[in-house]
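Taken in sequence, the protein lines are chains A and B.
The opening position of the first sequence corresponds to residue 1 in the numbering used here, with each subsequent residue numbered one higher.
The opening position of the second sequence corresponds to residue 375 in the numbering used here, with each subsequent residue numbered one higher.
It is worth saying that the hints were derived from the structure and are not from the lab.
DSSO-like cross-link-like pairs, simulated, lysine-lysine; straight-line CA separation at most 30 angstroms:
#1 B/440 <-> A/223
#2 A/162 <-> A/273
#3 A/363 <-> B/440
#4 A/218 <-> B/440
#5 A/300 <-> A/335
#6 B/510 <-> A/164
#7 A/218 <-> A/164
#8 A/225 <-> B/510
#9 B/510 <-> A/180
#10 A/300 <-> A/78
#11 A/335 <-> A/168
#12 A/78 <-> A/335
#13 A/168 <-> A/273
#14 A/164 <-> A/273
#15 A/142 <-> A/300
#16 A/142 <-> A/78
#17 B/440 <-> A/225
#18 A/168 <-> A/180
#19 A/168 <-> A/223
#20 A/145 <-> A/300
#21 A/164 <-> A/223
#22 A/162 <-> B/510
#23 A/218 <-> A/273
#24 B/440 <-> A/374
#25 A/48 <-> A/145
#26 A/273 <-> A/363
#27 A/180 <-> A/223
Examples of chain A residues toward chain B, derived with CB under 7 angstroms:
#28 239
#29 244
#30 245
#31 370
Just so you know, even glycine gets a beta-carbon here, dropped at the ideal spot from N, CA and C.
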Amino acid sequence: MNELNFFLIRAGKSVTPDMERLMPRPSLPSAALTALSLILLSSPALAKDLNALVWCDHTDPSLVAPFEEKFGVKVNLKEYEGTAAGLAILDQSQPGDWDVLVIDAVDVHRAVDAGYLGELPADQLPTADFFPQLVMAENNTKDGKTYAVTEKFGYNTIAYDKTKVDPKDMEDLSTLWSGKYDGRIAIYDYYLPVLGILAMGQGINTADITADNLDQLKDPLFKLKAASKQVSDVVSSQTALATGDVDIMVGGGEWVTAVLAADNPNLDWTIPKQGGLRWAQSIGVLKDSSQPDLALEFVKYIVSPEGQARLATASCYWGMPANSKAGDVLTPEQKAVLRWDDQPDYLARAQLYPIPDAALDTKMQDLWTEMMQK
Amino acid sequence: MSPAARERRQGWGLVAPALIWLLAFFLIPFAVMLALSFAHMEERTVVHGFDPGNYVRIFTDWTMFKALVNSIEITLVVSVVSVILAYPLAAIIAFRVPKRWQRLALLLAVLPFWTSYVVRSYAWLLVLGQNGVLNKALLGLGLISAPLEIAATRTATVIGFVHFFVMLLTLTIYANLIQLSPNYARAAQDLGAGRFQTFRHVILPLTLPGVVTGAFLTFVLCIGDYITPQILGGNNELTLPQLIMLQMGRGGNFPLASALSVVLMLVVTLAYLLSARWLRLDRV
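Generate coordinates for the entire structure from the input sequences, incorporating the hints supplied.
And the structure:
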């Protein structure tokens with residue numbers, strides 16, 4: 001048997017006649033259809049549909065369905081993780097391939113500077129109905145022009161199982177590496193929010209993190225790692241919380257616990273006394289969109305009360321809607337899970353993600369990598 | 375045109391598609407990757423040139439070098455354990471299982487190939503977790519007094535890998551064993567060899583090419599995988615592919631990711647050269 005045979009096995013082909021009969025084999029028509037589908041899916045510009053580069057919450061069918069129905073179009077959604085990955089996709093695409101971009105609110109300027117985002121008509125956006133802190137003009141506008149609008153937000157703080165830990169302990173970050181919860185902690189694998197939380201614990205505002213004071217975060221970060229069981233992505237962290245493998249998730253929040261609330265009402269989250277981080281995502285129209293009017297309509301739908309309520313409770317993860325009018329559409333149960341009534345206090349105590357320049361960003365990532373390798 | 379020239383032309387015609395394929399999907403991308411590995415980043419821009427800095431960093435930065443060491447350690451352990459488990463399994467299927475049941479046995483052996491790699495890894499997480507199936511069974515049987523810490527460790531990564539690669543190796547070894555004429559064993563026994571001697575001096579040497587082919591494929595696939603260590607290892611240590619993914623997906627540092635990939639390819643090439651020279655894969 002040679003290497004080729006192995007790959008044939010993985011492709012559903014065979015090595016010996018005995019094995020051959022065991023393997024499923026695609027028929028020629030189905031293979032042709034698959035190939036055609038792949039070609040169509042990988043070439044968004046071929047279709048006259050709306051093509052949006054989004055985060056996973058937008059892929060909930062119930063979110064885009066009303067828009068598709070109203071405008072009689074198909075919205076093609078491609079999800080990505082991390083601004084660098086999103087910008088790389090845009091970099092490798094042809095102008096006009098993409099119409100809409102969802103991006104971390106603190107990275108809107110990066111997309112603007114790279115020449116990807118087009119100007120939005122500010123007077124057509126319902127920002128007057130937004131929670132004031134979520135207008136985020138300093139992030140969504142540049143030189144007096146609006147390039148994006150905030151659509152959803154939440155917090156990176158501490159999520160926990162309230163039956164396994166003392167909720168009072170969760171009010172103080174330093175308890176996490178005091179030894180009491182060793183091996184019961186998962187660290188959310190995203191350096192910006194976790195380093196931001198630790199910076200606040202050291203009395204450094206997230207906006208004031210620099211290459212010079214980054215070293216101050218090393219000690220608490222390494223202590224936290226030593227006390228933790230794992231550094232994991234959203235799904236692995238949720239799995240660990242749900243199965244009881246860990247009881248605490250640093251960097252978690254309502255976006256982690258809300259989708260598990262029905263099955264596991266013991267999961268809770270809080271903002272410790274040192275504070276927490278507020279994440280926010282924005283949506284904008286690509287400068288080279290082939291359908292800017294339709295793209296704008298999509299943005300307007302997403303920030304409308306109905307779109308906001310659907311986005312807030314999208315299946316991938318929940319989060320607070322930026323538009324406060326969504327409160328009229330959400331059910332009391334949904335608002336309770338989102339802690340709607342606590343928002344004034346939470347908003348006052350939370351800071352935005354750090355916005356590092358390229359050099360600081362590299363240093364932060366190097367520190368994070370070193371922590372994982374510890 | 376002379377017959378020899380026509381034959382040469384036909385020969386080139388036959389190999390041309392493979393050569394074009396190799397050129398388009400391996401040699402050109404590899405050349406681009408190699409060139410990129412000598413570039414460097416300034417701010418968020420790739421600056422092309424001939425800068426060996428990425429390679430220097432890989433071998434001098436502890437975090438990077440440890441990733442290389444971790445990858446090689448895990449891969450070697452997985453390859454050895456998989457061979458040790460797969461050989462007897464393949465031998466049982468080939469020699470002990472009646473012919474009519476061998477198809478079913480092979481079907482069971484290839485079943486893991488039919489499920490998604492990611493789903494399989496998450497499933498293992500549920501099995502190996504503190505409150506997982508394994509711990510519950512061991513606690514229920516009274517074999518342990520406290521749950522074992524397996525999930526989010528290197529052991530979990532190795533278990534996840536071994537589960538997959540035992541099946542692959544079983545197939546390659548079975549394919550070798552089934553081709554062996556029973557006359558070899560009979561001749562050895564006629565000459566006075568015991569069962570173990572027959573296995574040690576006759577069966578094993580004749581099936582080694584299959585073992586090494588499977589082990590090499592295990593090595594290649596294992597050392598290049600980042601999903602299993604990420605899900606089952608709990609990111610408590612990084613492997614080379616994980617580091618490559620971090621540089622690409624998070625840092626946008628394509629030059630460093632390229633250099634790491636070149637190092638990964640060099641390790642695989644070295645493994646191939648060692649195994650090919652030692653055991654003559656061309657005979658398989």
